[in-house]
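Visitor: Hey, can you work out the whole structure from these sequences and the hints?
Numbering (full-length UniProt numbering), first residue to last: 1 to 345.
Within a straight-line C-alpha distance of at most 30 Å, the following computed DSSO-like cross-link-like pairs (lysine-lysine) qualify: (1) 98 with 316; (2) 251 with 98; (3) 316 with 105.
Hint data in this document are derived by calculation from the structure and do not stem from the laboratory.
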Amino acid sequence: MACYTGAITIYEIGDAGPDAEDAGTSDGGEDDGGVEAKSCEARGGQCVPLRPIGWSDPILVALSSGHLLKCPPEAPVHHFTKYTELIAGPLNCACGCKPSTGTCKLPATMTAQNAACDAPETAVTSFDPPTAWDGSCSNTNPIAAGKQCDGKACVESLTIGPMQAVDVGCEVEEEPILTGTSDVPRWGVTVLGCEGFPEGGEVGCGSAAKCAPNPAPPPAFLVCVYQEGDVPCEGESYTDRFVIYSGYDDKRTCTDCTCAPEVDGSLCTATASIYADSLCQTPLISGYPISSLDEVCLPLTPPGPALGSKTLSDVKYHPGTCQPIGGEPTGEVERLRPSTICCRP
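Guide: Here's what the structure looks like:
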């Protein structure tokens, strides 16, 4: 297919009959009506070869990559407006995932040691909270002041187990769909076909040619024949080929977006308080930060205090992220109802 960057216009001449053959322009003599070939030029026309069998009569074609064209006075009848060089790249699909949602499980264990936090061997005593603890004041598993374990105070340090982040997952957060040029496909070239006859009709070129309109540029005009469908050119007179279309059907889309079930980076935090009495009134440790990252060990000095109750407050779930899945471009823009025009070089 020939490339074209300028502006061109199409005009159609009358019917040459179903059995017309390709031929060159006559340079003299008389046609069937007895009119000399020069009379076509004298009437402002041009002699053009007849159509190949099965193709339209010769027409004049204008192709425009920018401004709109009109049929000229020499061929005022608008025959068609069609298009070529569709501009429509694949969609740039994008989707993401919102931050995760979830809840926090509070520590299931609290254990007193009869040694410092970093001691390799210790005797342990349970100070565990109740099952399904909500963080409110609890006096379960108290340890009395001065209680001895292996000849030492049972309470010299306290280890609080880690919290647990319970992830629900992430919801899809769709972003706008864009293309590299425009959301809407567009045609790079508009093709205008017009027809008309010089004054006095198609005669004046001999029996092997026709008299066609010959408007003055700009724009420049190609003499062409056309046929429905995407077909090859025929013969030696009309060889520059263009496939033109009446419109398009945009079938581009993006695959559905989902989020992977795995959550990365979520975290739970809270503050723990430990009390010597059973009613959470006499604090030993107030507002110590804990999290789901790891357990914490708290030194208690002097050794041997009573551990009577505990609370947990400021419980917070910190969202993580999920990997988006999908959002891939699919489909294409379908060109509708092709026609082929073959033009004189």
